[in-house]
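Engineer: Protein chains in written order, with our numbering: chain V, 6 to 266; chain P, 6 to 266.
Since the hints were made in silico from the structure, they are not lab data. Predicted model, so just to flag it, every value in this text is computed and none were measured.
It does not matter which identical chain is meant; a pair holds if it fits inside one copy or across any two.
Only pairs whose alpha carbons sit at most 35 Å apart, straight line, appear in this in silico DSBU-like list of lysine-lysine:
hint	residue 1	residue 2
1	260	171
2	263	13
3	184	229
4	94	68
5	37	213
6	30	13
7	184	171
8	256	221
9	214	49
10	12	256
11	37	208
12	13	256
13	37	214
14	263	184
15	30	184
16	188	260
17	261	13
18	30	229
19	12	263
20	199	261
21	260	30
22	188	261
23	171	214
24	213	13
25	199	30
26	227	256
There are 2 protein chains.
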Amino acid sequence: MAANKKKKPVILITNDDGITAPGIKNLVEAVKELGQVVVVAPDKPQSGMGHAVTIGQPLRMNKVDIFDGVEAWQTSGTPVDCVKLAVDKVLHRKPDLCLSGINHGANHSINVIYSGTMSAAMEASIESIPSIGFSLLDFNIEADFTAARFFVHQIVSSLLATTMDKHLLLNVNIPAVPKQLIKGIKICRQAYAKYEEDFDERKDPNGKKYYWLTGKFINFDKAKDTDVWALANNYVSVVPVQFDLTNYTLKQQLKKSKLFR
Amino acid sequence: MAANKKKKPVILITNDDGITAPGIKNLVEAVKELGQVVVVAPDKPQSGMGHAVTIGQPLRMNKVDIFDGVEAWQTSGTPVDCVKLAVDKVLHRKPDLCLSGINHGANHSINVIYSGTMSAAMEASIESIPSIGFSLLDFNIEADFTAARFFVHQIVSSLLATTMDKHLLLNVNIPAVPKQLIKGIKICRQAYAKYEEDFDERKDPNGKKYYWLTGKFINFDKAKDTDVWALANNYVSVVPVQFDLTNYTLKQQLKKSKLFR
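Only chain V is shown next, with the shape it has when bound in the complex (with noise of 0.2 Å):
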């Protein structure tokens, strides 16, 4: 894309936090002097969806004006269908980078498997669009977003001044803490960390039991390479992810062990 300089390049945005939130809004300002911006995202929060597509049902999309001077749609869709319906239907060709956020909310660790944020940005790497997703540790819908829009900046910029592999794909973590305490950018991979669920029981006016999920964090993994190690100590984490999820150790132990001969 560097070769490409008089042509602005088009990014998409789109979040799973839904298309009035503060995070999408801070996204759209951050970068709209880099490129060509065009908002699709999800018309009501989408939060936890994972990587879910819409298959069953209709999707409506209707174009609105809520970011100043940047086409926005919103759709009923989750954000995997998002990408899916602007590059079909309302770019009608792939953006040169698609980004997705900011969450309010951290999406470390394992988080990037159940993050609508990160599976609308895989969604877009599978579709051989360079893709970037953008966390910040503050569920608040009142966070301040001046240091994430810093680093947001500064990642796309340098990313759109390289040649970006088609299927790049970066979970980008932002710490909650005022922009002169951030230490730096550290590239990590990805913590060994889960929920322990404990799911609230309670009982509707009616007598009938219903279940409401909660759960703690747990963090096995001790390492200093870790997205969760970088964010406790100020940095902002960049995980590099990938949408190959063959085990190829195991492969191999399954391979020679003959189990299924």
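Given chain V, work out where chain P should sit, using these hints.
Structural biologist: Showing chain P alone in chain V's frame:
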């Protein structure tokens, strides 16, 4: 588990086609002599839900009597929710093995990412429960599961006779041909393939547009060590899967590049 021969292993079964689908009934029947089977599955089809979890709404769960002599629960949640509910509210322990399927339709190659069947299995693997997703390459509700049942039994009994890694996760696909035409089991990697999307654009009775996802499967990966190749050549494909999505090659490249310094 081979050491613990007296006690039957607890086998959790779930799926994404819903608890009344023929595929899950065939899975239960294929393995019920191998352990103490408990079913916790969605009360409706949940195909394409990926790794979605229900976080903004409560869940319902009811005991049902539809599998001969087998404890079974239907839930209003996604396949991943079912695994979480099973561990926390039904079994009150981790099962020894989790099986998901038998899915009506292929989950080879990139489908592992969209599949509710495989996401349920992956959730179990994250929770340190060895897990296998099974899919038959036949969408038909009246599909013939004879060959699938044979290979499910063979794979599950082989694994129960060995010591399984707690994160063991396998994606098993079975060709839709009579058993005598199946040449055996191949340990494979996930093929690089994708769907070329094409939304069907329609108008509702009020003249407003809606969009329906369609798509053509395209395999870009012509190598002979992939699941797509194995299935096309009448082998059962077994892809070992992992939930660490870190792209270690790109991680090294980015570290060397000093792009973000």
